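There are 2 protein chains.
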Amino acid sequence: MGKHVIAEFYECDYETINNHELVEDIMLKSVDLSGATTIKSVFHRFSPYGVSGVVVVSESHFAIHTWPEYGYCAVDVFTCGDLIDNQAALDYLKEKFGSKNVSVVEMKRGVLNLGVDLHHKPVGN
Amino acid sequence: MGKHVIAEFYECDYETINNHELVEDIMLKSVDLSGATTIKSVFHRFSPYGVSGVVVVSESHFAIHTWPEYGYCAVDVFTCGDLIDNQAALDYLKEKFGSKNVSVVEMKRGVLNLGVDLHHKPVGN
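Listed in order, the protein sequences are those of chains Y and V. Per the working numbering, the first sequence starts with residue 193, numbered consecutively. Per the working numbering, the second sequence starts with residue 193, numbered consecutively.
Hints should not be assumed to be uniformly reliable.
In this list, chains with the same sequence are indistinguishable; a pair is considered to hold if it fits within one copy or across any two.
When the alpha-carbon atoms are kept at most 25 Å apart in a straight line, the in silico BS3-like pairs for lysine-lysine are as follows [to be verified]: (1) Lys232 x Lys221; (2) Lys195 x Lys300; (3) Lys232 x Lys292; (4) Lys221 x Lys288; (5) Lys221 x Lys292.
Source of the hints: derived by calculation from the structure; they are not laboratory data. Every value quoted in this text rests on a predicted model; they were computed, and no experiment measured them.
Take these sequences, add in the hints, and give me the full structure.
In C-alpha cells, the structure reads:
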C-alpha cells in the first residue's frame with residue numbers, strides 16, 4: 193500500500209518558510225534524504241506571503257503549503273514501496289524550518305479491496 | 193483551517209486513468225467545478241502504466257496518482273477557506289473515472305495551536 197504522512201509544522205522561522213527558492217531547495221533535499229526520486233517539481237510564492245509547492249516523485253509526491261504569518265507549514269509525504277525513509281525527510285524539514293512543534297499523522301492509502309502493495313513507478317520513464 | 197479530502201477511487205476505467213492528458217484535463221476541470229483557482233499543474237505518465245499529477249491552486253492543491261493495473265486512483269483535495277465545493281469535484285472525478293467504489297476521509301489541517309482559519313492565497317500574484 194501507499195504510506196501518506198500528513199505533517200503540521202508549527203512555530204517555524206518566518207523568513208525561511210516565506211522564501212520559495214529556499215523552501216524548494218529544502219523540499220528537494222528532503223526527497224533525496226528519504227531515498228525517493230524526484231520527477232518534477234513546481235513551486236509558487238504568493239504575495240504578500242506564503243509558498244506552495246509539490247514535488248512529484250516516482251513514489252508519489254511531497255507537498256508543502258506555508259503560512260509564514262502563522263509560522264505554520266502543512267507538509268505531505270506520500271510514498272509507495274518500503275524503501276523510503278520518511279522520518280529522515282521529516283527530521284530534516286523540522287530542522288531547516290526551525291519548527292518547535294510538529295504533529296504527524298500517517299495514513300495508509302489504497303488498502304481497501306486491493307490486497308496488494310502499491311509499488312513505486314519505474315525510474316527514468 | 194484547511195480541509196484535506198483524501199479519496200480512494202477503486203474499480204476505475206483502465207484506459208481513462210492510464211491517459212495522462214485525459215487525467216490532467218479531468219483534474220483541471222474538477223478544480224474549476226470546485227470553485228478553486230489553478231496556479232500551476234504538473235503531470236507525468238509512467239511506463240508501462242500509471243499517472244501522477246498535481247495542480248497547485250490558490251487554495252492549496254489537488255493531487256492524483258493512478259495505478260491502472262489495479263483500477264485504483266489516490267486523490268487528494270486540500271483546500272483552504274470555506275468557498276470550495278469539494279463534493280462537486282469528487283462527484284465529477286467519480287463519474288469521469290468510471291469508479292464503482294469510492295472511499296473518502298476528510299481531515300482538518302493546521303488546527304492545533306493556531307486558533308485561526310487558514311485563508312487561501314490571493315489570486316494573481
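Taking the hints in turn, this is what the structure says about them:
1. Taking identical chains as interchangeable, the C-alpha atoms of lysine 232 and lysine 221 lie at most 25 Å apart whether they share a chain (14 Å) or sit on different chains (22 Å).
2. In this assembly of identical chains, the alpha carbons of lysine 195 and lysine 300 lie at most 25 Å apart whether taken from the same copy (5 Å) or from different copies (18 Å).
3. Taking CA atoms no more than 25 Å apart as the test, lysine 232 paired with lysine 292 passes in neither setting, with 30 Å inside one copy and 31 Å between copies.
4. Taking CA atoms no more than 25 Å apart as the test, lysine 221 paired with lysine 288 passes inside one copy only; the shortest distance there is 11 Å, against 36 Å between copies.
5. Proximity of lysine 221 and lysine 292 under a CA criterion of 25 Å is satisfied intra-copy only: 20 Å inside one chain copy versus 39 Å between copies.
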